[in-house]
Structure formats: C-alpha cells, structure tokens
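Trainee: For the record, the sequence lines run as chains A and B.
When we follow the working numbering, the leftmost residue of the first sequence carries the number 45, and every step to the right adds one.
When we follow the working numbering, the leftmost residue of the second sequence carries the number 10, and every step to the right adds one.
Simulated from the structure, these hints should not be mistaken for lab results.
From the three backbone atoms N, C-alpha and C, an ideal C-beta is built for every residue, glycine too.
Honestly, I wouldn't trust all of these hints.
What follows is a set of in silico ranges between Cβ atoms, one per label pair, in the way DEER data are often shown [unchecked claim]:
| no. | chain 1 | residue 1 | chain 2 | residue 2 | range |
| --- | --- | --- | --- | --- | --- |
| 1 | A | S111 | B | L180 | 44 to 52 Å |
| 2 | B | V166 | A | S111 | 15 to 23 Å |
| 3 | B | H80 | A | P280 | 36 to 44 Å |
| 4 | A | S295 | B | D318 | 34 to 42 Å |
| 5 | B | V316 | A | A167 | 52 to 60 Å |
| 6 | A | Q299 | B | L120 | 32 to 40 Å |
| 7 | B | Q182 | A | Q299 | 29 to 37 Å |
| 8 | A | E105 | B | L309 | 53 to 61 Å |
| 9 | B | D318 | A | Q299 | 49 to 57 Å |
| 10 | A | D226 | B | P105 | 55 to 63 Å |
| 11 | B | L120 | A | Q58 | 34 to 42 Å |
| 12 | A | P280 | B | P179 | 37 to 45 Å |
Only some residues are given here: those of chain B computed to face chain A with a beta carbon under 10 Å [as the list claims (entries may be wrong)]:
| no. | residue |
| --- | --- |
| 13 | L18 |
| 14 | F21 |
| 15 | L39 |
| 16 | L149 |
| 17 | L159 |
| 18 | T264 |
| 19 | V266 |
| 20 | G285 |
| 21 | G295 |
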Amino acid sequence: MSAPSAGAPAVAPQRRRMAAARRFARSRSAVVGAVGLATLAVMALLAPIVAPFDPAAQGGEPLLGPSGTYWLGTDQLGRDIVSRMIHGARGSLLVAAGAAAVGAGIGVPLGLVAGYLGRWADAVAMRVVDLLLAVPGILLALVIIAVLGPGRLNLILAIGIGAIPEFARLTRVATLEVRERDFVLAARGMGASTPDTMTRTVLPNVLGPVMVQFVITASMAVVIEAGLSFLGLGTPPPAPSWGGMLQDARSYLYQSPTYGLFPGICLAATVFFLERIGRGLQLAVGGGGPRAARGIGRGAV
Amino acid sequence: MYGYLVRRLMQFAVVLLLGSVAVWAFVLLLPGDPATVLIGSDATDAELAATRARMGLDQPFLAQYGIWIGHAVTGDLGASYYSGQPVLTELMDRIPATVQLAGFTLVLTLLIAVPVGIVVALRPYSAVGRVLQGYLTVGLAVPAFWLGLLLIIVLAVQLRWLPASSDFVPLWQDPGAALTSTILPASAIAVHTSSVTARFLANSLGEVMGKDYIRTARAKGVPERDVIRRHAVRNAALPTVTIVGLQLGSFLGGTVVIEAVFNYPGLGRLLYTAIGERDYALVQGGVLFVVATFLLLNLLVDVAYGVLDPRIRLT
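Please put together the full structure from these sequences, using the hints given.
Mentor: Below you can see the structure in the form of structure tokens.
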C-alpha cells in the first residue's frame, strides 16, 4: 500500500509515467510550485537582462530604503538590492540542483547495491550511511569545506555528501521491495547479469521516490547554502548570494531594518515552491508516505 | 528482545568505531604536515617534536590511530591551538549552553507539534485546521536563521522587549533570565522543527485512524475522546519519536547559523570558530563528541522503541 508505484511495473512503463505526469499536473499545489520555481529559474538565467542594475555597481547612497529607483533600497555599499537578489538566485539554484545531484549520484547506487546484494554489502553501506546521518548537515558541510577549501564546486560536494544517506536508505528500501518480484526474477532467469538486472529492471522501479527525495534535498540545500554563505563560507563575497545579503543585513539592523526582509523572502519562496513540487510528485508517483518527512528532520540550521 | 538489543549495540559500536576513524583521518586529509596542522605553523621545533611523538607520526597508520583513540577514550583529546586549554575543557564550557538551548527547543517543538498535528489530522477542513495547515506550510518554508533575524528586528530592535544577542544564563542560576535569553533562538528553530514533527504526526495519525482497531474501539462503544487519546495517538506517536530523536540530535552542533545570528555561545559556534582558526584538535574533539552523542541518542530511541513496540524487535 505504501508503494503503489511498483503496483504494475511490468506493463507499459510509458503509460504509467504519463498517468503520473497527469496526476502531477492536476494537483494545484504542484503546479503552483512548478510555475514559481520556473519563474525563479528564468529570472536567474536571464539575470543580466532582468535586473535593473549591475549587482556590483555602487550607484546609490548606502542603505537607502525602498524607493522608485531602487525598488527595495540599497545595501551598505549603495548596491541595488533587487538586482543582487536576482543575481543571487543563480548561486542558490545551482548549488541546490548540484548538491541534490551529488547526493542522488552517490546515494542511489549505494542503496541499490546494498538492497540488491544484501549481506556484507548491505551491512557496510548502511553503517557508512548511519555515520553520515550522525553529523548535522551544516556541520558536515563546514568540515568538508575545511578539507576541500572554498569554492562553488566544493560547496556543492560538501552539501551533497550530507544528502547521501536519505537517497541510499530510500533506494535500499525500494529495492528490497521489488527484489523478489516476478519481473525481477524473470529478468534473472532469462540470463541478465546482476549489474544489468540492477540498472535496467530494478532501478526504473525505484525512481519515483528518488525524484521526490531529489526535490526535498534541493530545498534543504538552498537553506544550507544560505546558512553557509551567512557564515561567510558559502558563495564567496563579491558574488551576490541570499545568505551573504542576510549577513550584511544583520550588521546594519538598526540603520536599515527592511534590508533583512527581502533575501529571506526569496529563500522561503524557493523552499516553498520546491516543497510544493515535492508533495505533488509524491502524490503522483505514490512514493514516500509519512516517511518522506525523514530527511527534513535534519534540516534545522 | 535480547537479540534485538545485541544487534543494535553491535551496530552502535561499529558506527562509533567508523566515526572515530573518520574524525582521526580528518587531520591527515588536510593539506600539510599533520603535526603542523594540529598545533600551528608558528610552533617551536620542540613543540612540533613533542606533538609528533604524541601522535606517533613515525609509526604505521594503525598504530597512530591506536595511540589517538587510546588518548581519546581517557578524555585526552589534545589541546586547543588557540587557547592552549585542553580540548575537553573547551567542550565542557559550551555543552551546558547547547544542552539548554536544545532542551528549550525540544519542549517548544513538542508543545506546538502535538496539538497542531492532532487537530490537522482530525479536523483538516475546520477553520482552525486550515489556519494550522497554513502554519505548517509557512513553518516548513521559512529558514530558522532568517526567522531568528526577523524576531531580532521586530522584538529586539523595534520593540526592545528582548535582548538582540543571547548570552548563556544557566537555568539553575536565574530561570527568568535564562528564559528571556534562550526563548528567541529556541522559537526560531522550533517553528521549523514543530512544522516537520506536526506534519509527520498528522500523517501517521491519519493512517492510524483508518485502521480496523479504531473501528473496533468505536464499535464497542469507547468514547471518541478515548479512541483518539488511548488508541490513535499512542500508536501514531511511536514513529514520530524517531523524527524527534533525529531533530534532538541535529540540535547538537547543527545550530551553527542560529547561534551566529544570536551570538549564542553554543557548541556549533565553537566548532565554526575552531574551523576558521584552524584549531583542528578542537574540531576533532567536537565532531567526535557530536557523533558519539547523536549515536547514543539514537540507540536510546531505538531501544525505547523496541521496549514499547514488540513488532520492531523482529525486523
């Protein structure tokens, strides 16, 4: 009951996918999320065109309030806050997608091998996963950045490694569910090798919950990236980032109380859109159930 | 039960061992000579030689680990490069603050999450239910550290009701001051964690309400209030305990950013500062403490789980 996605796996996977896509499109909250995120992504892509000013140009007086010229005011160096917010979306979305990809790219094969092979492979993989789970995501990212050094790629790796456990656990459980089913046994019976069975027969049937987790992970990664940038260890300062802007806002709370409002709204909106998409996907592919909330348990920063 | 306990203890021991190896290897992964990395480049030759001897750097890796873990289990985690104090002393300084914040946050989380989760599950379409669902949506989306910043802007800067930065005042010394200095960071975190917990509780409560034993209880004439309290909530609460356990673990060292927002002297900020100052012995000790405590907490949750729910022991 928990995974109707694996209900009729042998028949017409395309039709199943179409049905899932239709269910997704019918869910209002999912569409709201998808449209919102798409808008953000387009703004980020077209930032140089959309943004009214150069995000680095120190054109105005410092710490102006919202006005006709500078819609949301200026920061401590007189830079336009709107433009910096639009450009900041780039880093946030890039790191979020990258970190989720790293987590899935390592976690899914790990869970697949653990669940399909069982025994030693399972025991070893799951103990590594337990260990990764034992370190809060942001602390793990801090330590990894200390080893690797700063930079966007390292940031993606640092956040992504913390996301491996959820992907691995979820894939493992889903793999265990389908491992002994007729269509898998049939594939083996017809002489498919173990790697072939895993990638061609088992993997497509566990992808639903993985997609849900991908979106949830991206939403956590946005917050962790902002937290690290807030601490000065995320996106390096000259480039605008929402977390970095919040750090600046904190230093000028008394001079410009509105500054801290806007980058946070961007953050919350991004998380909200991703969360809506995740819920829509979950309903569409039938993965997860209450267990899907597991990953979020570690998101507090 | 016995077999389950033994298996769970074995897993705990293995993961703790793995963790200690990872924490020890951390210093070797850093660029540069491990002894220099640990005590800093401006140390004298004599100090360097002493550290080398202490770490056994001329020995094989396995022996080096043995030396390190041998010191660690006796509480000797080396000395902080920055303050010269033993790492253990530095950690002990911050642990009460972290525990107090974690405790406050946990209490707040449960105070909000349990009633909200129950109402959302049982009366999702009532006026109150809709408002609370809105709270869950907002609570999930709003990052804790930004909410903390907003609370400071409104309550500390504009209204001046509460202090903008939160010093640590121990609860046993001055409960009132402890409350006012911890309430803001604790609320900022609890809005998020309570949303997660409440949604989880609501989901599992919704599942439980459809079970046959609920119908049976109603059919035999148990009053609805007792059906919910004694049959539904108790069963739904069990899986929720796991989430709360994970959250409690994440309060140890995982609240770095909140601590930075409020200038709160917790473990997270100690480790963040230590990383910035390249005080790696302190980082090692701190992370080892966080990992060990988290694993121990999880072990306790799982054992409690096994005691309360006999079905778990079989899986």
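Trainee: When the nearest CB of chain A is found for G285/B, is that gap smaller than 10 Å?
Mentor: Holds, about 8 Å.
Trainee: How does the Cβ-Cβ distance of Q299/A and L120/B compare with 32 to 40 Å: does it lie in that range?
Mentor: holds, 36 Å
Trainee: Close enough to count: is the Cβ of L18/B nearer than 10 Å to one in chain A?
Mentor: For L18/B, the interface hint is violated, since the closest Cβ of chain A sits about 13 Å away, which is over 10 Å.
Trainee: Between the beta carbons of Q182/B and Q299/A, is the distance compatible with 29 to 37 Å?
Mentor: Given range 29 to 37 Å: holds, Cβ gap about 35 Å.
Trainee: Can you tell me whether the CB distance of V316/B to A167/A sits inside 52 to 60 Å?
Mentor: Violated: the Cβ-Cβ distance is about 25 Å, outside 52 to 60 Å.
Trainee: Return holds or violated for the Cβ distance of S295/A and D318/B against the range 34 to 42 Å.
Mentor: Given about 50 Å between the Cβ atoms, the range is violated.
Trainee: Please check whether V266/B passes as an interface residue: C-beta within 10 Å of a C-beta belonging to chain A.
Mentor: holds, 4 Å
Trainee: Quick check on L39/B please, does its C-beta sit within 10 Å of some C-beta on chain A?
Mentor: This hint holds: L39/B lies near chain A, its Cβ roughly 6 Å from the closest one there, short of 10 Å.
Trainee: Is the hint on L159/B kept, meaning its closest Cβ partner in chain A is under 10 Å away?
Mentor: Since chain A brings a Cβ to about 7 Å from L159/B, closer than 10 Å, the hint holds.
Trainee: Is the interface hint satisfied for G295/B? The criterion is a beta-carbon contact with chain A at less than 10 Å.
Mentor: holds, 9 Å
Trainee: Look at the Cβ atoms of P280/A and P179/B and judge whether their distance stays inside 37 to 45 Å.
Mentor: holds, 39 Å
Trainee: Close enough to count: is the Cβ of F21/B nearer than 10 Å to one in chain A?
Mentor: Result: holds, 9 Å to nearest chain A Cβ.
Checked against the numbered hints above, the structure breaks hints 4, 5, 11 and 13 and satisfies the rest.
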